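Chemist: Those protein sequence lines, which keep their order, are chains A and B.
Per numbering that gives the first Met the number 0, the very first residue in the first sequence carries number 0; after that it's consecutive.
Per numbering that gives the first Met the number 0, the very first residue in the second sequence carries number 0; after that it's consecutive.
Honestly, the hints are just simulated from the structure, not real lab data.
If you're wondering where the values come from, they're calculated on a predicted model, not measured in any experiment.
Worth double-checking, as some hints may not be accurate.
[Said to hold, decoys possible] With a cut-off of at most 25 Å between alpha-carbon atoms, the simulated DSS-like pairs for lysine-lysine come out as follows:
1) A:Lys147 x A:Lys132
2) A:Lys52 x A:Lys147
3) B:Lys132 x B:Lys109
4) B:Lys52 x A:Lys31
5) B:Lys52 x B:Lys132
6) A:Lys52 x B:Lys31
7) B:Lys147 x B:Lys31
8) B:Lys147 x B:Lys132
9) A:Lys52 x B:Lys52
[Said to hold, decoys possible] If you want the footprint, here are the derived chain A segments under chain B, 3+ residues with CB under 8 Å:
10) 27-39
11) 68-81
All C-beta atoms, glycine included, are put in the ideal place defined by N, C-alpha and C.
There are 2 protein chains.
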Amino acid sequence: MRLFVKPAVLGLAAALLAGTTLAQDMPNPAIKARQSVMALRGFELGILGAMAKGDVPYDAEVAAKAAGNLVLLSQLDLSAMWPEGTDNSAASGTRALPDIWSNFDDVAAKAGILNEAALELQAAAGTDLESMKAAMGNLGAACTACHKAYRAPAS
Amino acid sequence: MRLFVKPAVLGLAAALLAGTTLAQDMPNPAIKARQSVMALRGFELGILGAMAKGDVPYDAEVAAKAAGNLVLLSQLDLSAMWPEGTDNSAASGTRALPDIWSNFDDVAAKAGILNEAALELQAAAGTDLESMKAAMGNLGAACTACHKAYRAPAS
């Protein structure tokens, strides 16, 4: 057995090792993308939530814009953001449960309910505070239904 | 002058100081939201770019979905994501130049051009590879026009 290894080979091995580590540390683009969608939904809901809680005065125009954005965000085609192998047992930095991939029909149905709730919220948000709050309840329920079934608890 | 300070007061001061530091370290929600929009645009363009470069085979359906998402993303109302005080001279973690806030009309015009380019790309992406590539050029130019004028170079 030869123990002598040319420096160039060692350098290549080190580079490959570094590359592997780097690839593992890099967030998966699909995971990052779907988390960006969730972050945007959270941002828009935060605007509406602040009004619902009375932290900021109700503003019909601002509320309608936020709800309109939620509609657009619920209409995005997310299929490229959920490739096989990006569940929380196979990838890091995600709480997506493997059940998502064995229940795609149910996930799609839940996404449809979210889309309907967003459309209802869009109609209500610019009307008045009470209408908005009621519609937010339905949207929140749609969020929760999917998170409860398909997202691991925060560790 | 009394130099003696009750421990409870010191504790409160420490907590307030810690709170301040924490608030400064937390990314501004509006900055995080607009960066999420940019990340999503980048994700969709990455799908199209991989086909344009020949890294993956052209797939009309996948291309059309990505382009459709770019249209939705260009239709989002971003007004709540660009509040005063979130330029790169006032906030950390952003390359947004103060000029944005003194040239809102131009920014809006550039956003309009982006929206048109996304619509053209949507029509082209599902047609064939060459049409898609041509339309991507226009979209890329729209991205660059805004970044060149209003984004600080990467440090």
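Chemist: A separate judgement is required for each hint: does it hold in the structure or not?
Modeler: Hint-by-hint comparison with the structure:
For the suggested pair Lys147 (chain A) and Lys132 (chain A), the alpha carbons sit about 22 Å apart, so the restraint of at most 25 Å is met. With a CA separation close to 24 Å, the supplied pair Lys52 (chain A) and Lys147 (chain A) stays within the 25 Å bound. With a C-alpha separation of about 21 Å, the suggested pair Lys132 (chain B) and Lys109 (chain B) falls inside the 25 Å cut-off, and the hint holds. A C-alpha spacing of about 22 Å is found between Lys52 (chain B) and Lys31 (chain A), which places the hinted pair at or below 25 Å, so the restraint holds.
With a C-alpha separation of about 9 Å, the suggested pairing of Lys52 (chain B) with Lys132 (chain B) holds against the 25 Å cut-off. About 22 Å separates the Cα atoms of Lys52 (chain A) and Lys31 (chain B), which keeps this hinted pair within 25 Å; it holds. Simply put, Lys147 (chain B) and Lys31 (chain B) have alpha-carbon atoms about 21 Å apart, close enough for the 25 Å limit, and the pair holds. Taken as a hint, the Lys147 (chain B) and Lys132 (chain B) pair is honoured in the structure, with Cα atoms around 22 Å apart against an allowance of 25 Å.
A distance of roughly 49 Å separates the Cα atoms of Lys52 (chain A) and Lys52 (chain B); the hinted pair therefore is violated under the 25 Å criterion. Using a Cβ-Cβ cut-off of 8 Å, 8 residues of the stretch 27-39 of chain A lie near chain B, which meets the minimum of three, so the contact claim holds. Counting residues of the stretch 68-81 of chain A whose beta carbon lies closer than 8 Å to any beta carbon of chain B gives 9, which reaches the threshold of three, so the coverage claim holds.
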